[in-house]
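Residue numbers (my numbering), protein chains in the order written: chain A, 93 to 468; chain B, 93 to 468.
Derived from the structure by calculation, the hints contain no laboratory data. Check before you lean on any hint, since a few could be wrong.
Just so you know, same-sequence chains aren't split out, so a pair can sit in one copy or run between any two.
[As the list claims (entries may be wrong)] Derived pair list, reagent style SDA-like, types lysine to any residue, alpha-carbon separation capped at 25 angstroms:
#1 Lys-215 / Ala-384
#2 Lys-343 / Ile-419
#3 Lys-382 / Ile-419
#4 Lys-382 / Arg-174
#5 Lys-343 / Leu-244
#6 Lys-382 / Arg-165
#7 Lys-343 / Asp-388
#8 Lys-215 / Lys-382
Just so we're clear, the structure is a prediction, and the values are computed from it rather than from any experiment.
Protein chains: 2
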Amino acid sequence: MTQRFSFELTATDGRARTGVISTPRGEIRTPAFMPVGTAGTVKAMLPENVRATGADILLGNTYHLMLRPTAERVARLGGLHRFMNWDRPILTDSGGFQVMSLADLRKLSEEGVTFRSHIDGSKHHLSPERSMEIQRLLGSDIVMAFDECPALPATEEAVAQSMRLSMRWARRSREAFGDRPGHALFGIMQGGVTRDLREESAAALREIGFEGYAIGGLAVGEGQEAMFGVLDYAPGFLPEDRPRYLMGVGKPDDIVGAVERGVDMMDCVLPSRSGRTGQAWTRRGQVNIKNARHMDDPRPLDEACSCPACRSYSRAYLHHVFRAQEIIASMLLTWHNLHYYQELMQGLRTAIAAGRLGEFVAAFHAARAEGDIEPL
Amino acid sequence: MTQRFSFELTATDGRARTGVISTPRGEIRTPAFMPVGTAGTVKAMLPENVRATGADILLGNTYHLMLRPTAERVARLGGLHRFMNWDRPILTDSGGFQVMSLADLRKLSEEGVTFRSHIDGSKHHLSPERSMEIQRLLGSDIVMAFDECPALPATEEAVAQSMRLSMRWARRSREAFGDRPGHALFGIMQGGVTRDLREESAAALREIGFEGYAIGGLAVGEGQEAMFGVLDYAPGFLPEDRPRYLMGVGKPDDIVGAVERGVDMMDCVLPSRSGRTGQAWTRRGQVNIKNARHMDDPRPLDEACSCPACRSYSRAYLHHVFRAQEIIASMLLTWHNLHYYQELMQGLRTAIAAGRLGEFVAAFHAARAEGDIEPL
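With the hints as extra help, turn the sequences into a complete structure.
Here is the structure:
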């Protein structure tokens, strides 16, 4: 196994790419979907079962982990991999996005941000330097630069100011990250939906130099059309030979559209969160297992799916345990959704390698257009 | 595999017994502990993992299943085994106990009992005949006779009246059960803590004749001393050559004491319920994982335990995920508790077979007397 972090592109099809990220903790096949293990667990899943769905890498959240159990405690306990029993690569975000979306009483300055915990109201501080320290204590393999995300809606001027602050923070992140062989630091492009700002941000990041580049500030309510609009040009501003990570995306059709536009990595809570709210994702679209139409249905969610939920249980059972608020409903639906997402990624990788992405995408949309199987 | 239900005693040690119940769906090694899968799931566990802990048989609850998803629906879907993905033996209770403890507005007559659902207030009826029908629709391997449990505290006269009603219902249950090769009907001894009533009840049941005999009306708040007092004589009133099932028991030391007194089968929600409330059972007693002493503890719950929670996670992790209300806390602690219970049963079976139960029980109590490992 390699002792350094590297990325090899093995095939392209149009703007879409497939390849392999190598790390000392294992390979990440791209395009990759990263399940989210917010607070040291992918909710309702054992890590060996997350791996069994085909996940090569998990995402952990700096904001949640710094508050509880704290980065220092995780470090004393041997790091996040050991703590949560996942020995493959972990990417941690920088905390910037969650501070914006979850914390109370934020106070922003050039230096960083102070805020109060949403758990107990305690006061905390994040800066590029502290975020790098926390992510080092957690032991993450892919570290994200600390950035600021403006609350939407925002004027173009506010987006520009915020992006330039994030670029100054990106440089401080790079300096604070230091020399850590086998670990990677990714910069995060900002600039909202404004092409000039995206280009300026990308240029600033390339000037600093990172092992990978994220596209931030999307999937925050702008809608798929606006997001794809940015993805039509933004990946092209980034170096060809480094992985491109679209943060917080998304629904299956968002993922397919992003991969078509040259994205290599994504993460989203959607498959696991949906599992806990009774939503399943299949080749034929979304299934609401709460719906009474499933009450007597002996068929699996998707007869072509090989996940445990589809292999061994009827829609009627899944409906029953969801309605009865049984934990197994979250366990089985989350497993199914993560399995479906990873199967989709494998399909995309195979199609790109074969130069048949167009056919794959057409079949993907055709199956969804059919909709769910007819009620019995 | 056998096509009939049978019980073979293979060894005894004092009053304790070990043996095998054979059914068309597999063998049940006794003494057996049956995890409770109330509404079609052992909470927070996948059935294959319940099996991996060593469970030979599960218990399902007639009361819960008749209300939701209904016995008729389960039958249309192929029976409870298929519905919940458990192909080994299932014992169902008769519904009598839960009607007493959970339902609203009960109305009792010689014929049976009407009540309102605790879920939606809908009106339902149970009688010996309807309970037999429901348990047949569910497809359970071991069917329990329909009985009445008096609310405690009760006068001896009330306990006697209730027991005699249950004995008349036991006869009606036997008649309604019919001829079902491979399936068993168990009668339930009642009579509270009064020896004469227990003897009268046992005689009535033996006169009717059952494939097995349960001891009901214990573990309902009378305390361990009173329960053991009854178990000092009650099993002796029952036929030697049929399994004896103590309903709703219990804590590990209750189980050991019951096995010493000649009990072959038990069930209890305790290991799974405790798992969801942060209580773990180990060789050294009870561990409250919520306690702050575990916050920095890198050691497993029990270093000698081979369950996934102990093999791969620290007390600090279990503490963290419990405090963060993560589903994995319920999953891992339930798994550990069920594993511990089954390991205890295997220890009891092996000790009885070797004629060394006394030593085993002494070591069991000695380890518990030591208490949990010292904090770091």
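A quick look at each hint next to the structure:
no.: 1; hint: Lys-215 / Ala-384; in the structure: between (46 angstroms within a copy, 21 angstroms between copies)
no.: 2; hint: Lys-343 / Ile-419; in the structure: both (24 angstroms within a copy, 24 angstroms between copies)
no.: 3; hint: Lys-382 / Ile-419; in the structure: both (15 angstroms within a copy, 20 angstroms between copies)
no.: 4; hint: Lys-382 / Arg-174; in the structure: between (37 angstroms within a copy, 21 angstroms between copies)
no.: 5; hint: Lys-343 / Leu-244; in the structure: within (21 angstroms within a copy, 55 angstroms between copies)
no.: 6; hint: Lys-382 / Arg-165; in the structure: between (40 angstroms within a copy, 17 angstroms between copies)
no.: 7; hint: Lys-343 / Asp-388; in the structure: neither (28 angstroms within a copy, 38 angstroms between copies)
no.: 8; hint: Lys-215 / Lys-382; in the structure: between (40 angstroms within a copy, 24 angstroms between copies)
Hint 7 from the earlier list is the only one contradicted by this structure; the remaining hints agree with it.
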